[in-house]
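Asker: Listed here are the chains, written in short residue letters.
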Amino acid sequence: LDVSYLIGLFATVTFSVTGVLAARAHNMDLVGIIVVGVVTAVGGGTIRDMILAVPVFWVADANYLLAAVAAAVATFLARDRIQRRMQWLLYLDALGVAMFASLAVVKSLDLGLGAAPALVMGVITGIGGGIIRDLLTGRPTLIMSRDLYATPILFGVAVQLLLLRMPGVDPALATVIGGALIFGSRSAAVFLHWQMPDILTLPGGDS
Amino acid sequence: LDVSYLIGLFATVTFSVTGVLAARAHNMDLVGIIVVGVVTAVGGGTIRDMILAVPVFWVADANYLLAAVAAAVATFLARDRIQRRMQWLLYLDALGVAMFASLAVVKSLDLGLGAAPALVMGVITGIGGGIIRDLLTGRPTLIMSRDLYATPILFGVAVQLLLLRMPGVDPALATVIGGALIFGSRSAAVFLHWQMPDILTLPGGDS
Amino acid sequence: LDVSYLIGLFATVTFSVTGVLAARAHNMDLVGIIVVGVVTAVGGGTIRDMILAVPVFWVADANYLLAAVAAAVATFLARDRIQRRMQWLLYLDALGVAMFASLAVVKSLDLGLGAAPALVMGVITGIGGGIIRDLLTGRPTLIMSRDLYATPILFGVAVQLLLLRMPGVDPALATVIGGALIFGSRSAAVFLHWQMPDILTLPGGDS
Chain A
144 LDVSYLIGLF ATVTFSVTGV LAARAHNMDL VGIIVVGVVT AVGGGTIRDM
194 ILAVPVFWVA DANYLLAAVA AAVATFLARD RIQRRMQWLL YLDALGVAMF
244 ASLAVVKSLD LGLGAAPALV MGVITGIGGG IIRDLLTGRP TLIMSRDLYA
294 TPILFGVAVQ LLLLRMPGVD PALATVIGGA LIFGSRSAAV FLHWQMPDIL
344 TLPGGDS
Chain B
144 LDVSYLIGLF ATVTFSVTGV LAARAHNMDL VGIIVVGVVT AVGGGTIRDM
194 ILAVPVFWVA DANYLLAAVA AAVATFLARD RIQRRMQWLL YLDALGVAMF
244 ASLAVVKSLD LGLGAAPALV MGVITGIGGG IIRDLLTGRP TLIMSRDLYA
294 TPILFGVAVQ LLLLRMPGVD PALATVIGGA LIFGSRSAAV FLHWQMPDIL
344 TLPGGDS
Chain C
144 LDVSYLIGLF ATVTFSVTGV LAARAHNMDL VGIIVVGVVT AVGGGTIRDM
194 ILAVPVFWVA DANYLLAAVA AAVATFLARD RIQRRMQWLL YLDALGVAMF
244 ASLAVVKSLD LGLGAAPALV MGVITGIGGG IIRDLLTGRP TLIMSRDLYA
294 TPILFGVAVQ LLLLRMPGVD PALATVIGGA LIFGSRSAAV FLHWQMPDIL
344 TLPGGDS
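Chains as they are written, first to last, in the working numbering: chain A, 144 to 350; chain B, 144 to 350; chain C, 144 to 350.
Since the hints were made in silico from the structure, they are not lab data.
Keep in mind the model is a prediction, meaning the values are calculated, not measured.
Misleading hints may appear alongside valid ones.
[To be verified] Just so you have them, the derived chain C footprint on chain A, three or more residues with Cβ under 8 Å:
| no. | segment |
| --- | --- |
| 1 | 174-181 |
| 2 | 191-202 |
| 3 | 292-298 |
| 4 | 303-309 |
C-beta: ideal position from N, C-alpha, C; glycine also.
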């Protein structure tokens, strides 16, 4: 419990940092930056909790808000130093996605959801904040890219759900494996520039 | 009851198919396509249920998710054959809108809502998924078009609400009439290229 | 209570009018205009209520819907006369923002929220409707501007929360002061063309 709380806070910080840097080229002011950082960090979990009809996590515990605001301000101040390490941020973002998505599956199953809605909850929590960030800052959403972003989440969460169904598998282990698979496959996609094969992609511009 | 369940599933399939085809020109991969299909299919109803503070329908019954995913994948596979019949899709979409909107009114009234909020619920359920789809795929939302899309919903739902107030009118009949009016007026708008008259439209570009 | 109800209705009318006029150059028809007016007017409060898990305000009381629709239609009809006074609308909008945000803080605290989530609720209620309007009509969201919009809300709400913590301060007075500070600082920003200083703004185009 305590560990998953710390992981949640760490993922919040991660998403706030990467949210601010993703929006960075856009001539924004500090207040806008804080809004983008906070929205990226808590947006996906907020949609998750509204759909699950449970109290929204940052209303119940303001530490998530404070962590996201502090991370956004720190990122604004240190932006020149961070910018030289932009590639690292994709891995940091992958780590945040992995943690948010696999924990969201646990939360959903604890509330009695079936496997299919729990999988959807994992995806929503993993990509929701990033999509709201893209909408607010006028960027094409990650849905429009052939980069593998939602696919690693689907893959890791599906394995996590399969393991959780097997008798004798420790639920915590299944969650760690699911998260590790999300992080590993997303990182591999970044490092090796994986894209969806053509056969699974619509040819553009022929409508 | 059973019939309205089947109608709901059919409307979900309809929206997933038309959602995928509407987003089709955009160089998307299969996972993105599934996301767009599912969001278009269940987005409006999800907003409806969150506003109504009732359990979101696809969390309670995963068949809606499975139907939307299956329809999105099938549309991806059969896209070349379907593309030749694009005009038919506008009528299929009109059918989905009519079913979703008129059923949402029934659900809202059952929960004790007044006529005005129930009418808004019908509109939200009818156009919500399509608007989220447009935002995710970077297209102008249907609000920005002079094509008649929300107007047929308003018209059919208003008649449905009037009929439901009349003594001696079978509620199921009122709902069927409301849905038929939405489908009929939207189909006529498509077939006859109806647009709002100039007097009810803002002249563009004069701000 | 009665006074805050009337203030809420007045703010609803204000947002509907400014929402319609902000979207005005876009070749929209009357139904689209009503949708934009209503969404701008009730969007922020709807997100607030969904996050707070309380009944959405316009479901419980349809007067908000009727006020927003009437204001949107009236604005459409009187658009040429209003257009000559566009500058006034920024002050009217500031008044609506001030009322919505400071009342949202009161509602949030009444529901037992802490200061940080209550502050976020004030901001969401103040800017949520305008952001949804911008997304629906394809305009850059107000987050992307250096104009001071969210900043006056943060300032006024923070002072309101501080005053509410002080012993012996009348809560109603604290709310009026908070709202007056939002209105005053936003109006000053409009009148004096205040923008964020460069040191608090990301230089554009260097990503």
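Asker: Is the coverage entry for the segment 292-298 of chain A by chain C consistent with the three-residue Cβ rule at 8 Å?
Answerer: violated (count 0)
Asker: Apply the coverage criterion to the segment 303-309 of chain A and chain C: a residue qualifies when its Cβ sits closer than 8 Å to a Cβ of the chain, and three qualifying residues are needed.
Answerer: violated (count 0)
Asker: Are there three or more residues in the segment 174-181 of chain A whose C-beta lies within less than 8 Å of some C-beta in chain C?
Answerer: Since three or more residues must qualify, the claim that chain C covers the segment 174-181 of chain A holds, with 6 doing so at under 8 Å.
Asker: Are there three or more residues in the segment 191-202 of chain A whose C-beta lies closer than 8 Å to some C-beta of chain C?
Answerer: It holds: at least three residues are needed, and the segment 191-202 of chain A offers 6 whose Cβ sits within less than 8 Å of chain C.
When held up to the earlier numbered hints, the structure conflicts with 3, 4 and fits the remainder.
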